[in-house]
Amino acid sequence: MRLFLIWLLPLVAVAGEPEILASGLTAIDNIALGDRGEVYATLERRAPHGRLVRIRNGKAETLITGLDRPDGLVRRGPWLYLTEEVGNGRIIRYDLRTGKWKVLARLAYPEGIVADADGTLWISLDRRQGRVVRLRPGGTPETVITGLNRPEGLCRAADGSLAIAETATGRVLVWQKRRLRVLAGGLTEPDQLHCAANGDILVSEDADPGRIWRIHKGRSQVIHTGLRSPQGLRVDVQGRMYVAEQGSGRLLRMQARPAVLWRRLERGLSLAVLPSPLTPSTRDQAINVLRIEPRYFRFHLLMAAASRDGRPLPVWAWVRKHGLVAAINASMYQRDHRTSVAYMRRHAYRNNPRLSRDNSFLVFDPVSPRLPDVRLLDRECDDIRKGLRQYRVVVQSIRMISCKGRNVWSPQPQRWSTALIAQDRQGRILFIHARPALSTHRLIRMLQTLPLDIMRAMYVEGGPQAQLYIDSTGGRFHFTGLPAPGLDNVKFGKLAWPVPNVIGISRRSDAVIPRPSD
Numbered sequence: 001m002r003l004f005l006i007w008l009l010p011l012v013a014v015a016g017e018p019e020i021l022a023s024g025l026t027a028i029d030n031i032a033l034g035d036r037g038e039v040y041a042t043l044e045r046r047a048p049h050g051r052l053v054r055i056r057n058g059k060a061e062t063l064i065t066g067l068d069r070p071d072g073l074v075r076r077g078p079w080l081y082l083t084e085e086v087g088n089g090r091i092i093r094y095d096l097r098t099g100k101w102k103v104l105a106r107l108a109y110p111e112g113i114v115a116d117a118d119g120t121l122w123i124s125l126d127r128r129q130g131r132v133v134r135l136r137p138g139g140t141p142e143t144v145i146t147g148l149n150r151p152e153g154l155c156r157a158a159d160g161s162l163a164i165a166e167t168a169t170g171r172v173l174v175w176q177k178r179r180l181r182v183l184a185g186g187l188t189e190p191d192q193l194h195c196a197a198n199g200d201i202l203v204s205e206d207a208d209p210g211r212i213w214r215i216h217k218g219r220s221q222v223i224h225t226g227l228r229s230p231q232g233l234r235v236d237v238q239g240r241m242y243v244a245e246q247g248s249g250r251l252l253r254m255q256a257r258p259a260v261l262w263r264r265l266e267r268g269l270s271l272a273v274l275p276s277p278l279t280p281s282t283r284d285q286a287i288n289v290l291r292i293e294p295r296y297f298r299f300h301l302l303m304a305a306a307s308r309d310g311r312p313l314p315v316w317a318w319v320r321k322h323g324l325v326a327a328i329n330a331s332m333y334q335r336d337h338r339t340s341v342a343y344m345r346r347h348a349y350r351n352n353p354r355l356s357r358d359n360s361f362l363v364f365d366p367v368s369p370r371l372p373d374v375r376l377l378d379r380e381c382d383d384i385r386k387g388l389r390q391y392r393v394v395v396q397s398i399r400m401i402s403c404k405g406r407n408v409w410s411p412q413p414q415r416w417s418t419a420l421i422a423q424d425r426q427g428r429i430l431f432i433h434a435r436p437a438l439s440t441h442r443l444i445r446m447l448q449t450l451p452l453d454i455m456r457a458m459y460v461e462g463g464p465q466a467q468l469y470i471d472s473t474g475g476r477f478h479f480t481g482l483p484a485p486g487l488d489n490v491k492f493g494k495l496a497w498p499v500p501n502v503i504g505i506s507r508r509s510d511a512v513i514p515r516p517s518d
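Going by the working numbering, the letters in the sequence shown line up with residues 1 to 518, in that order.
These aren't lab readings, by the way, just hints derived from the structure by calculation.
Among the clues, some could well be false.
[Said to hold, decoys possible] EDC-like cross-link-like pairs, simulated, lysine to aspartate or glutamate; straight-line CA separation at most 20 Å:
| hint | residue 1 | residue 2 |
| --- | --- | --- |
| 1 | 321 | 471 |
| 2 | 177 | 189 |
| 3 | 386 | 365 |
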């Protein structure tokens, strides 16, 4: 195996004080998150005092007792997998549904553990001549990586590679295509890892004081300091990071919000690709946000019913046909594949003249230059009748985030890809395409935890019809929704559905250029 060396200088961006969720957890080591706010943890004590516990409302309930230095812990569906870091340590599978557990294998000083979707386990052996072994369901352990110096934490990186914390050398390694490379160096006792969907890797340092590091695109950044031997760490759907602080016997929660890295496509137009912590760690499962400054772009409502041929088109085709820079779904539509489900008007033409009970209205093309070029109106806070008279183009749809910042969707079991339009506090418009299959309530919660500064948001489409297409001087980007349940993924997974109505943007010839002081 070849070893590629990349040494990195850290950036420092320290976050706020952590919240203490539970204390008195002697030798807490690794953690896993449940679906209802519970946290599972290993308490790394010698037999017979080692335990697997479930923590709820600040209290720990024992699930397994009599363990010998239980360490690594990972959850995959209804199963918890844990390791015992001793000479003849057990690899244990615990069934969350029945409370029964089974010994899958015994290894010398197993610590870090990763579980693939098919049940294959990857386990690090924490020794000076350390290894990583693979344990397939029903099989026997086989060595995959050798020559490591005290490998501890493991996680599956966004690109499918395996990230390894090499404690003795202070490095984080990545193993891919049978090659090792150094992702980061100069850390103090790197212990456990968490791989985020956006490609970030979080690292805890088993030191006092210890730090939490974030590795993003080859750059290392300290995000928390002053911890006492932090060990296991996980991030939940709201972007909150849970940390096992072994030195103080506490379970902590703190912010680990991913930085929004905007890619400037051209003047007034930027794109961000954000992680979804609930879905596989790939760019194909990301939340994509196009930020538009209205002073540089005109907004357009294009409708099949108002065109000569009356034909719905995929969003990319609408963009190319009309020379737009970008476009997104305008709204959901009725069975005739022409008519919007709610009020839609462009000048004198009314696609749907009926005002529904929906509370959000995207309006643009004002009758007076003194009015904002584009706005999201909210029935709860705005005079809708007055607002509709002030703008020549109106699209009504379902509200997602109210003018008071509330998530107005109730939790629901249904999940799908989503396209939405939002407005931030600076008046910029956001075209957002969330490809992961998420419930709308949970998607809104995620968006509210991200530093997008969203003020209002409106739902425009869901499922495979949800699309966003960008044809900018900074690049072309095509985002489509996941296939609906029951459809052939191969046949429909990459197709763009024809839709009758879209909101698009074009460059303004009369763009107001800001002065240097702006």
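Each hint, compared with the structure:
At most 20 Å may separate the alpha-carbon atoms for a hinted pair to count; residue 321 and residue 471 meet this at roughly 12 Å. Using a Cα cut-off of 20 Å, the hinted pair residue 177 and residue 189 is violated, with the two alpha carbons roughly 26 Å apart. Distance check on the hinted pair: residue 386 and residue 365 sit about 15 Å apart at the alpha-carbon level, within 20 Å; holds.
In this structure, the one hint that does not hold is number 2.
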